[in-house]
Amino acid sequence: MTPLHAYLVLSALLFSIGLAGALIRRNAIIVLIGIELMLNAANLNFIAFWRFGPNPQALTGIVFAIFSIAVAAAEAAVGLALIISIYRHYQTANVDEINSMKD
Amino acid sequence: MSIFIILAALTVAGAVSALSLRNLVHCALALTVAFVGLAGLYLQLGAQFVGFAQILVYIGAVAILVVFAILLTRGSEPPRQPIFSPGWLGGAVVAAVVFSLLTGMVLSSEAVTREIPPLPQATVASLGEGFMTRYILPLEVLGLLLTAALIGAVIIALKEPRESP
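In order, the protein sequence lines correspond to chains A and D.
Read in the numbering used here, the first sequence has 37 at position 37, and its numbers run on one by one without any break.
Read in the numbering used here, the second sequence has 1068 at position 68, and its numbers run on one by one without any break.
Treat the hints as calculated values from the structure; they're not laboratory data.
There's no promise every hint is true.
What follows is a list of derived Cβ distance ranges for each label pair [claimed, not checked]: (1) A:Y90 <-> D:I1064: 47 to 55 Å; (2) A:P54 <-> D:T1123: 19 to 27 Å; (3) A:I98 <-> D:P1117: 47 to 55 Å; (4) D:P1138 <-> A:T92: 17 to 25 Å; (5) A:S68 <-> D:E1129: 15 to 23 Å; (6) A:G53 <-> D:L1029: 28 to 36 Å.
Keep in mind that this is a model prediction, so the values were computed, not measured.
Cβ atoms here follow ideal geometry from the backbone N, Cα and C, with glycine treated the same way.
Next up, chain D with everything else stripped away, as it sits in the complex (with noise of 0.2 Å):
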């Protein structure tokens, strides 16, 4: 429980700070902190595939594109202005009306009374061979969302050209 509880912390204490810092560069920075966090509460679980891939793609793929962005956008510069939009007032209320609304369900329900089931075997090897026989035709279609979303973004981010009107 103590470990859960600092993970927990950790990952709520990243995601914060992620939304709320000034500078976009501690934004991202943040952001890797939660996914740590995250990570880290998918091992205590029991996935450990998926807590390593949550490691391979969020911090070492995700977190760097983010930076990217930043860079490409001049986002590391602090911005003048106010960093919340105008209405963040009616945001904040529709994410606390979220949240307690999810919260009173999940306490409500019988989830809290469930008791803990032994810990599962889930080895990297029985994921692969479900991956090989069960899952063959989901993997294949992920590879191809995964081939169009790169040439998608590649073509996106091109430089538009200066064509005359």
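Bound conformation, chain A alone (with noise of 0.2 Å):
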């Protein structure tokens, strides 16, 4: 069996690529791409720790990523939207040239 420590460092190194996507990528769908791979990356720990913890049977953890996925469903579809209207309004998707509120 697996101990904690490894689900909690995979859990931190695809934090770590999400966070990297979402900073350095210039097209707005794979920043949002990797914002949902920091939400699974949460995801994980709360699972991991609901396994590992002292009161497993509490259920609170199951129930906590259960919250966190519907949330993040949520999430993604609104991101989305937005994405596509910010496309139709400025014809690019790219969040570098949507710089209208800089000058």
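If you follow the hints, you should be able to join the two separate chains into one complex; please do so.
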């Protein structure tokens, strides 16, 4: 059986990959994918701590992970709708070119 | 342990290629690979319902939504300009610092020495009973949130009316 810290290190790695993608990619859809990966890393932490916690019969970790998945789905739907709307307005999905609030 | 290594390698490879490939459709496909790996990890941890919810919600809904968004924004054509923004080095450094900090904290904590408890009984029946009794109010709030998100997404993505200024 895998120890707890293996899951935690994997979750940290996933979070960092998602963070790097959200910070350095130009396309807004890929930025959203990076955010989804970070949320998934948090879910993996919930499940791992539930499994290795002192009271796994309480199901709290599982319930929190399910709620987190549902909120992430809502976030993805609204985020992608925003990207489509921005694309229609600016004719681009590149986050570096959407800078009209700077000028 | 070997199953964990295979699933972890699948997840990390999917995540890295989802964020580094040039063609956006390939990115969406790699993203589903990462989600499959995560669902396998949940199943290995004994959380069957979360694993299947991960497959249903992330692979069935979120990945399809991403593909729709890519096609609607004409992202399926490979971009001509570089895919990374000019300040990519700073972002990579921030991510590497975050990873090293998190890993250092995890490996220096007492999580390393924790013994492994027996597999808990988390059946779907007990989970459903929990949702209908103890977690009924959060469940209703979640339903309201999903409805609001559905309506909001449709309204945001509607075509803007061409009205005269």
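Tested hints:
1. A C-beta distance of roughly 25 Å is found between Y90 (chain A) and I1064 (chain D), which places it outside the suggested range of 47 to 55 Å.
2. Roughly 20 Å separates the CB atoms of P54 (chain A) and T1123 (chain D), a value that falls within the hinted 19 to 27 Å.
3. The hinted range of 47 to 55 Å is satisfied by I98 (chain A) and P1117 (chain D), whose Cβ atoms lie roughly 49 Å apart.
4. Taken as a hint, the range 17 to 25 Å is violated for the pair P1138 (chain D) and T92 (chain A), whose Cβ atoms sit roughly 39 Å apart.
5. The beta-carbon spacing between S68 (chain A) and E1129 (chain D), approximately 21 Å, falls within the hinted interval of 15 to 23 Å.
6. Distance hint check: the CB atoms of G53 (chain A) and L1029 (chain D) are about 35 Å apart, consistent with the given range 28 to 36 Å.
Consistency note: the structure conflicts with the earlier hints numbered 1, 4.
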